[in-house]
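Peer 1: Protein chains in written order, with the working numbering: chain S, 1 to 64; chain A, 1001 to 1315.
Hints are computed from structural coordinates only; laboratory data are not their basis. Please note: incorrect hints may appear among the correct ones.
Listed next, the stretches of chain A that the computed footprint assigns to chain S, with coverage defined by at least 3 CB atoms under 8 Å from CB atoms of chain S [unchecked claim]:
no.	region
1	1085-1099
2	1143-1153
3	1256-1265
Residues on chain A that point at chain S, a partial pick, calculated with CB under 8 Å [what the hints assert, rightly or not]:
no.	residue
4	1127
5	1128
6	1218
7	1222
8	1223
9	1226
10	1250
Positions of the beta carbon are idealized from the N, C-alpha and C atoms, including for glycine.
As a plain string of letters, each chain reads:
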Amino acid sequence: MDPRGPVLVEGPVEVVLDDGTVVRSDRFVVAVCTCRRSRTYPWCDTSHRPRGRAVPPTEDGNPR
Amino acid sequence: MTRALRSDTAPACAPGAVLRADPWGEDLHLALYLLYELHYAGFDGVDDEREWDPDLLRLRQAMEARFLHALRTELADGPRSVEDAFAPLLVEPVDLSDSLSHHLETEGELWQLREYAALRSLYHLKEADPHAWVIPRLTGRAKAAMVAIEYDEFGAGRADRVHARLFAALMADLRLDPAYGRYLDRAPAPLLATVNLMSLFGLHRALRGALVGHFACVEVTSSPGSRRMARAMRRCGAGPAAERFYTEHVEADAVHEQVVRHEVIGGLLADEPHLEADVAFGCAATVLLEDRLATHIRSAWTRGDSALRTPLRLP
Ligand code: FES
Ligand SMILES: [Fe+2]
Ligand SMILES: [Fe+2]
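Please construct the entire structure, taking both the sequences and the accompanying hints into account.
Peer 2: As structure tokens, then:
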């Protein structure tokens, strides 16, 4: 487990946000953001990754 | 090759022609793609039994050997451990100036998004299919986790959520034809090579470690790229289904990344520790071919040209 990565919870999961709204994900496993940097909070979007330069130059994430 | 397939005859190919073929070139990759396709959807007018035609398999094997040798030569100094292969991918780059998705996010135009989608359709209309070949080659933890991810890729029991179908809806938003194989004849070699890589790794049990490394590589790199692509689609007004394909992948692949790294790779290497270098190779080969493709697309666009062999007609 990444020390600063998400917590993995078996789905479906309901999370109560600070403002009381309930959000739900029914994926088989849900990655709940613990770093609070996610732009799709409360779900992890990999924003917890450290920033740096150690990436191959044109690496480009194409979804799978 | 197409003549041989249509007429039910052995391929006419001078002995040694494969050995002289450019391992990155269009001849080799289109021929390989056509032969692999017999294991997926096949072609109208080609007998389904040709999938196991020994003459075609012999030719396929010669081309695979050429391709694999080129990859291994190129990556002779590449990573040997999972840590070395994946550590650079688990960092959010500060400098995105060479990233294709960053380019599309910030200054991409609708015609470029259409070209990009037409190119990627060769994979996404059979999304996750090449990786399903590895399932019977895994056991225990690795197998259970791989199947769980694939279940998600195949819509978690709901046909309308199959990722390939979400991509077809994206294509419709972009006024592309979502028919399977529609853009094959426009695909340049660097794109064909990325899809051939998955079929190569998937169809060979001996390359199961490489398939797992490849799959992990794409899951790890997908989330941030998908976020940028979702923004590109929104900025260009591509449409809701076009955006949804990518927003779904931001969230899904943040999960898939964790499961594939810890459970699929972790499980595989607990069972078969000697496959670690293969896992690293599969990851590095993926980065190499994605880089070559990005370079191809960027240089075509910089020249003001189409990244396809022949440009799309306007919608
Ligand atoms: S834990 Fe991944 S984005 Fe916060
Ligand atoms: Fe997917
Ligand atoms: Fe995925």
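Peer 1: Hints first: check each against the structure and report whether it holds.
Peer 2: Results for each hint:
no. : hint      : verdict
1   : 1085-1099 : holds (count 11)
2   : 1143-1153 : holds (count 4)
3   : 1256-1265 : holds (count 5)
4   : 1127      : holds, 7 Å
5   : 1128      : holds, 7 Å
6   : 1218      : holds, 4 Å
7   : 1222      : holds, 4 Å
8   : 1223      : holds, 4 Å
9   : 1226      : holds, 5 Å
10  : 1250      : holds, 5 Å
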